[in-house]
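Asker: Model the full structure from these sequences, guided by the hints.
So the sequence lines, in the order shown, correspond to chains A and W.
According to the UniProt record's numbering, the first sequence is numbered sequentially starting from 1.
According to the UniProt record's numbering, the second sequence is numbered sequentially starting from 1.
Derived DEER-like restraints, expressed as beta-carbon distance ranges:
(1) A:Gly134 / W:Ala62: 40 to 48 angstroms
(2) W:Arg136 / A:Leu97: 50 to 58 angstroms
(3) W:Ala100 / A:Pro10: 33 to 41 angstroms
(4) A:Glu187 / W:Thr204: 20 to 28 angstroms
Hint data in this document are derived by calculation from the structure and do not stem from the laboratory.
All values reported here derive from a predicted model rather than from experimental measurement.
Just so it is clear, CB atoms sit at the ideal spot from N, CA and C, and this is done for glycine as well.
Protein chains: 2
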Amino acid sequence: MSKAQGKPAPLRVGVVLFPGFQSMDVFGPMDCFNILSQSHNVTLALLSSTLEPVTTKPPTCANAIGQSVVPTHTFSEAPSLDLLLVPGGPGTRGSSLAIADAISYIRDVYPQLKYLVTVCTGSGLAARAGVLDGKRATTNKMDWADITALTANVDWVHRARWVVDGNVWSSSGVSAGIDLILAWIEEVYGSEVAREISNTIEYTRHEDSSHDPFAELSGI
Amino acid sequence: MSKAQGKPAPLRVGVVLFPGFQSMDVFGPMDCFNILSQSHNVTLALLSSTLEPVTTKPPTCANAIGQSVVPTHTFSEAPSLDLLLVPGGPGTRGSSLAIADAISYIRDVYPQLKYLVTVCTGSGLAARAGVLDGKRATTNKMDWADITALTANVDWVHRARWVVDGNVWSSSGVSAGIDLILAWIEEVYGSEVAREISNTIEYTRHEDSSHDPFAELSGI
Numbered sequence: 001m002s003k004a005q006g007k008p009a010p011l012r013v014g015v016v017l018f019p020g021f022q023s024m025d026v027f028g029p030m031d032c033f034n035i036l037s038q039s040h041n042v043t044l045a046l047l048s049s050t051l052e053p054v055t056t057k058p059p060t061c062a063n064a065i066g067q068s069v070v071p072t073h074t075f076s077e078a079p080s081l082d083l084l085l086v087p088g089g090p091g092t093r094g095s096s097l098a099i100a101d102a103i104s105y106i107r108d109v110y111p112q113l114k115y116l117v118t119v120c121t122g123s124g125l126a127a128r129a130g131v132l133d134g135k136r137a138t139t140n141k142m143d144w145a146d147i148t149a150l151t152a153n154v155d156w157v158h159r160a161r162w163v164v165d166g167n168v169w170s171s172s173g174v175s176a177g178i179d180l181i182l183a184w185i186e187e188v189y190g191s192e193v194a195r196e197i198s199n200t201i202e203y204t205r206h207e208d209s210s211h212d213p214f215a216e217l218s219g220i
Numbered sequence: 001m002s003k004a005q006g007k008p009a010p011l012r013v014g015v016v017l018f019p020g021f022q023s024m025d026v027f028g029p030m031d032c033f034n035i036l037s038q039s040h041n042v043t044l045a046l047l048s049s050t051l052e053p054v055t056t057k058p059p060t061c062a063n064a065i066g067q068s069v070v071p072t073h074t075f076s077e078a079p080s081l082d083l084l085l086v087p088g089g090p091g092t093r094g095s096s097l098a099i100a101d102a103i104s105y106i107r108d109v110y111p112q113l114k115y116l117v118t119v120c121t122g123s124g125l126a127a128r129a130g131v132l133d134g135k136r137a138t139t140n141k142m143d144w145a146d147i148t149a150l151t152a153n154v155d156w157v158h159r160a161r162w163v164v165d166g167n168v169w170s171s172s173g174v175s176a177g178i179d180l181i182l183a184w185i186e187e188v189y190g191s192e193v194a195r196e197i198s199n200t201i202e203y204t205r206h207e208d209s210s211h212d213p214f215a216e217l218s219g220i
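Answerer: Rendered as structure tokens:
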């Protein structure tokens, strides 16, 4: 993202995929990056344990539908990244091999990242990896009790659309990831680029990170 | 969706995929259907010309990033559907084989559908298939001039988040598909189901179909 000889270095984005990831957690922010990549230098790695397509279908809900996305790299062959996005979803629960792999990868790669972005219960995976220790972060409000019970080492922020602490950006549930990523794009690429993208997707942003009508609904 | 012997018949959803579809056009509504399917009977067919993964990468933008989704059926082997969702995106332009196949499929299947849903410039594919003739519909506001120029047989509605005419539900650009599908779920499954889903994705709905701040921005 820095400029060298007039040509900006790429933004190298990675996304953690596992069975039962929440589709909008990934594809809300991704659509913003897809549009950004049409005018700016962006590379993408879709990361998982294997190169087999990864379904959004929850592992514990046999009747549910899902969509399958093709990874580009395994965790063990991941390229260097600037930004890693960790989605949430029903698949974050438990300790399947895929989830254990994802948590190990997050723990190992975090020191090399410029930015870690979590959406929804993706913050639970980051918390289990230990990389949120001592940091402020937020998460999905419906799953608040379960996620915040994972560790006492995180300063969980209840009323927040998203939270920034150092290089960690964490959002509340699902669609909040869109607001987080547009705020991130505004910070890194400027307000005009963020506005062009939100207008392209005809999205009325929540620009106040403390805007959170869902905090009350969760009854905490 | 009707009840027979106490067990509700499935909602059979299909989605048209082609290279350069807009990811949020598909995955915004799909995440709502994914959540719906965890408590209601829903089946899904992801349809394309072949069973090869379909990328969101625009065919005309070599440097852009994209994500690839795995179809479940070809157009020629599509199962019977209740609802077909047609996304938009940069890939809708032109007359590639994939787009010609999609338009033929939309034309052929429309008489058997209970509902046709278009998001963003997906309405352009439906218009080219002739199935919007004589109907009111809307589309993406940034591409308004190009889409409405495709045919004079459609009553294009400029200021609209979404439009319903008979069994055709058409939305404005990208994120408007989420509001459309939540309104559709409210109509078919009731307001409580729609509210549960919008709360699950922490999405503040636009419930007024005429709400459209992007109509002015397009300068028409």
